[in-house]
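S.K.: Each chain is listed here by its residues.
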Amino acid sequence: MNTGTAVGMVARREIATRMRSKAYLIVTGIMIVSILGLIIAVKVVGGSSAGKLGVLDGSLGVPLRSAAAAVGVHVTVRTVPDRAAGERQVRSGELDALVVGRPPEVVVKKNLPDDLRNVLNVLARQQALDEQIIKAGGDPAAVERAVAGASVHVRALVPGGAFRGERIAVGVVAGILVYLALMIYGQTVAQGVVEEKASRIVEILLTAIRPWQLMLGKVVGIGVTGLTQMFLVASVGVTAALLSGTMHIPASLLTGAAAWGIVWFLLGFLVYALLFAAMGSLVSRQEDAGSVVGPVMILIIVPYVLGISILPADPENGLLRVLSLIPLFAPTLMPMRVALGVPAWELGTALGLTVLLAMALVGLAGRIYSNAVLRMGSRIRLSDAWRAA
Amino acid sequence: MSDQRLEIDHVSKRYGDVVALREMTFDVRAGELFGFVGRNGSGKTTTMRIALGVLAADAGEVRWDGSRLTLETRRRIGYMPEERGLYPRMKVGEQLVYLARLRGLTKERAVRSVDVWLDRLGVAERRGDEVQKLSLGNQQRVQLAAALVHDPSILVLDEPFSGLDPLAVDVMSQVLRDKRDEGIPVLFSSHQLDLVERLCDRVGIVREGEMVACGAVDELRTGGQERLVVDAPAARPGWAAGLPGVTVCGQEGTKTVLELGEGADDQAVLRAALATGPVREFTPRRPRLTELFRHVVSDDPATGSATGAGGEGRAA
Numbered sequence: 001m002n003t004g005t006a007v008g009m010v011a012r013r014e015i016a017t018r019m020r021s022k023a024y025l026i027v028t029g030i031m032i033v034s035i036l037g038l039i040i041a042v043k044v045v046g047g048s049s050a051g052k053l054g055v056l057d058g059s060l061g062v063p064l065r066s067a068a069a070a071v072g073v074h075v076t077v078r079t080v081p082d083r084a085a086g087e088r089q090v091r092s093g094e095l096d097a098l099v100v101g102r103p104p105e106v107v108v109k110k111n112l113p114d115d116l117r118n119v120l121n122v123l124a125r126q127q128a129l130d131e132q133i134i135k136a137g138g139d140p141a142a143v144e145r146a147v148a149g150a151s152v153h154v155r156a157l158v159p160g161g162a163f164r165g166e167r168i169a170v171g172v173v174a175g176i177l178v179y180l181a182l183m184i185y186g187q188t189v190a191q192g193v194v195e196e197k198a199s200r201i202v203e204i205l206l207t208a209i210r211p212w213q214l215m216l217g218k219v220v221g222i223g224v225t226g227l228t229q230m231f232l233v234a235s236v237g238v239t240a241a242l243l244s245g246t247m248h249i250p251a252s253l254l255t256g257a258a259a260w261g262i263v264w265f266l267l268g269f270l271v272y273a274l275l276f277a278a279m280g281s282l283v284s285r286q287e288d289a290g291s292v293v294g295p296v297m298i299l300i301i302v303p304y305v306l307g308i309s310i311l312p313a314d315p316e317n318g319l320l321r322v323l324s325l326i327p328l329f330a331p332t333l334m335p336m337r338v339a340l341g342v343p344a345w346e347l348g349t350a351l352g353l354t355v356l357l358a359m360a361l362v363g364l365a366g367r368i369y370s371n372a373v374l375r376m377g378s379r380i381r382l383s384d385a386w387r388a389a
Numbered sequence: 001m002s003d004q005r006l007e008i009d010h011v012s013k014r015y016g017d018v019v020a021l022r023e024m025t026f027d028v029r030a031g032e033l034f035g036f037v038g039r040n041g042s043g044k045t046t047t048m049r050i051a052l053g054v055l056a057a058d059a060g061e062v063r064w065d066g067s068r069l070t071l072e073t074r075r076r077i078g079y080m081p082e083e084r085g086l087y088p089r090m091k092v093g094e095q096l097v098y099l100a101r102l103r104g105l106t107k108e109r110a111v112r113s114v115d116v117w118l119d120r121l122g123v124a125e126r127r128g129d130e131v132q133k134l135s136l137g138n139q140q141r142v143q144l145a146a147a148l149v150h151d152p153s154i155l156v157l158d159e160p161f162s163g164l165d166p167l168a169v170d171v172m173s174q175v176l177r178d179k180r181d182e183g184i185p186v187l188f189s190s191h192q193l194d195l196v197e198r199l200c201d202r203v204g205i206v207r208e209g210e211m212v213a214c215g216a217v218d219e220l221r222t223g224g225q226e227r228l229v230v231d232a233p234a235a236r237p238g239w240a241a242g243l244p245g246v247t248v249c250g251q252e253g254t255k256t257v258l259e260l261g262e263g264a265d266d267q268a269v270l271r272a273a274l275a276t277g278p279v280r281e282f283t284p285r286r287p288r289l290t291e292l293f294r295h296v297v298s299d300d301p302a303t304g305s306a307t308g309a310g311g312e313g314r315a316a
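These protein sequence lines map, in sequence, to chains A and B.
Residues 1 to 389 (our numbering) are what the first sequence spells out, left to right.
Residues 1 to 316 (our numbering) are what the second sequence spells out, left to right.
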């Protein structure tokens, strides 16, 4: 049997047994529901109005809303029958403020929230301006149209500044997903290796195929399982974010972040799966698995925690820039940095180094695994597994 | 047909300071059932694992059909490891098909073979169950099926009978005989010596990593000390004590069990017995494998050596 067939058969078994498992379906479901929930939450919070305003004159609705848009908030405008009714609603909290007369007098229960004050100030100035334009013989509507089209053009010297808040959100979500996937599927590889050792089926399997074929097949199979899940979750997330209009950043940025997240998951998974497989092969019982996979997990957790706590506030942090170039840390850090904006050479360097590490690990992990996987009993020292033929 | 023997040739293995195998040498011929016996830790499992290539020998080699075993030839071995190995959460049928296909069977052949063996071993109705839900005995049957589904050219079974009920023992025995009759070498280890005695064409007894006795069961039995059972009801106790070369081993009712040493004359014993009165029984008693085993395995190495030990070794 050639290598491809052997690796493929092992991989297909992994895919078939794992994708059918309840745990897999449940985790996938939870991830999709969480990301949809997040998007809905952002939509609800981000789209909620800064306040409910009551007006006596319904024609105030349009200028009020455009004033609010200029300030960058949403307001709800409701016409009330008379001043007394409006004041009652303000008192009861149904309305945040009642706008009466021209120039506008604002009735509030106790005080006016800052963003509503800004909106109403803009409205008052606009009304004053309109009056002056009419006095000067102009057409307020024409002036307004001309003014509405004017805005500043921003040219950032360092990329990544625009849509900062949303970029941070995308980066954090991508970081969390890659981190979770690496943790879940990395450990799945270790558990799978120990399971085969503990159940002793590895002895039967290795009379049919070579150790590294078994290891690689397992890594590929579990990788495909994880990739499918990541791809599903990322597609649902991106699609929902775009369709719901929650995100204002360009679609290319969002899909780019998702695509890079998947690339880094794949590379990171390859690196960590090989490490997990090699470490898992050192023990013969599931109870001992924790002690050998712990150090590998720390390599995933530390950069993730650093990244998620520092990057949102300081995307250009020097320490993280350096760490994100190191192959073992890049898979958790780069997905966040990509969303926040990262120079191409840094991304390229991290990619290249990680690919090199993965290639080296195929040999190194394969050697440790081959030496250790058939040795039953107590935990094998890494140095023994390396030396023993 | 070429000489499809499985040869274990001067295989040695150490674990640190512990010698696990010392030039272990024997062969299992095509169409032969070979029983491998020895105390726990004497090196049976180590030998089998080396033959299967799941353990590397320090020295010596394992050959089949005249050439050293490679991964390709090892894939033709049906192997049942001492500590059973199956995926506990995988379904019986799927698991066996997978194992057969890993050894190169097409999907159709694998499915057909799995059907045949599950049926034959009486676990066909458990096809869709997870292995961990089966009783230990049924798991063992599935384990045997795993060793057989790829139609192996060699069978190596480590303790195939342990934990089986009498009916399963019969099924297992019959399968092993059938495989032998198909002309393949069958090697298995067991502590059930009566079973080995009944089933095997040849037996190898190991002690401390060495083959100390190897040969056909009958051959081995004659190789042991010959005993005589004499039933002389009228004889007084001690009637045989003075006979040259004769040791009294015990008294079973009116029967006396005697061991004849080097140069002892059984006819002299018979005459002495007749002199005491009537003799109802006068039979040579061949040692059973169990007695032989005790004898060979409990003595120190100098006296334990019996016939045929390492007899077929050749220069490596």
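These are computed hints drawn from the structure, not numbers from a lab.
Beta carbons: idealized from backbone N, C-alpha and C, even for Gly.
Where hints are given, some of them may not hold.
In silico DSS-like cross-links for lysine-lysine, where the CA-CA straight-line distance does not exceed 30 Å [as the list claims (entries may be wrong)]:
#1 Lys133(B) with Lys22(A)
#2 Lys22(A) with Lys107(B)
#3 Lys107(B) with Lys91(B)
#4 Lys43(A) with Lys109(A)
#5 Lys109(A) with Lys52(A)
#6 Lys107(B) with Lys133(B)
#7 Lys22(A) with Lys109(A)
#8 Lys91(B) with Lys22(A)
Partner residues are not named here, just some residues of chain A that face chain B (Cβ under 10 Å, in silico) [said to hold, decoys possible]:
#9 Thr5
#10 Met9
#11 Val10
#12 Ala16
#13 Met19
#14 Ser21
#15 Glu196
#16 Ala208
#17 Val263
#18 Met376
#19 Ser378
#20 Arg387
#21 Ala388
S.K.: Does Glu196(A) pass the interface hint, meaning its C-beta sits closer than 10 Å to a C-beta of chain B?
M.R.: Result: holds, 8 Å to nearest chain B Cβ.
S.K.: Answer holds if the nearest beta-carbon of chain B is closer than 10 Å to that of Arg387(A); otherwise answer violated.
M.R.: Violated, about 13 Å.
S.K.: Would the stated hint for Ala208(A) survive a check requiring a Cβ distance to chain B of less than 10 Å?
M.R.: Holds: closest Cβ of chain B sits about 4 Å from Ala208(A), inside 10 Å.
S.K.: Starting from Lys91(B), check that the Cα of Lys22(A) is at most 30 Å away, please.
M.R.: 15 Å, holds
S.K.: Tell me if Ala388(A) is really an interface residue toward chain B, meaning its C-beta lies closer than 10 Å to one of theirs.
M.R.: 9 Å, holds
S.K.: Holds or violated: is the Cβ of Ser21(A) closer than 10 Å to a Cβ in chain B?
M.R.: Since chain B brings a Cβ to about 9 Å from Ser21(A), closer than 10 Å, the hint holds.
S.K.: Does the structure keep Lys133(B) and Lys22(A) at a Cα separation of 30 Å or less?
M.R.: 18 Å, holds
S.K.: Minimum Cβ distance from Val263(A) to chain B below 10 Å?
M.R.: 32 Å, violated
S.K.: Below or equal to 30 Å on CA atoms is what counts here, so check Lys107(B) against Lys133(B).
M.R.: 25 Å, holds
S.K.: Regarding the hint that Thr5(A) lies at the interface with chain B, is the smallest CB-CB distance below 10 Å?
M.R.: Where the cut-off is 10 Å and the nearest Cβ of chain B is about 9 Å from Thr5(A), the hint holds.
S.K.: Identify whether the interface hint at Met9(A) stands, where standing means a beta carbon of chain B within less than 10 Å of its own.
M.R.: 6 Å, holds
S.K.: Does Lys109(A) lie within 30 Å of Lys22(A) when you go C-alpha to C-alpha?
M.R.: Judged against 30 Å, a Cα distance of about 55 Å means the pair is violated.
When the structure is compared with the earlier hints, violations turn up for hints 7, 13, 17, 19, 20 and for no others.
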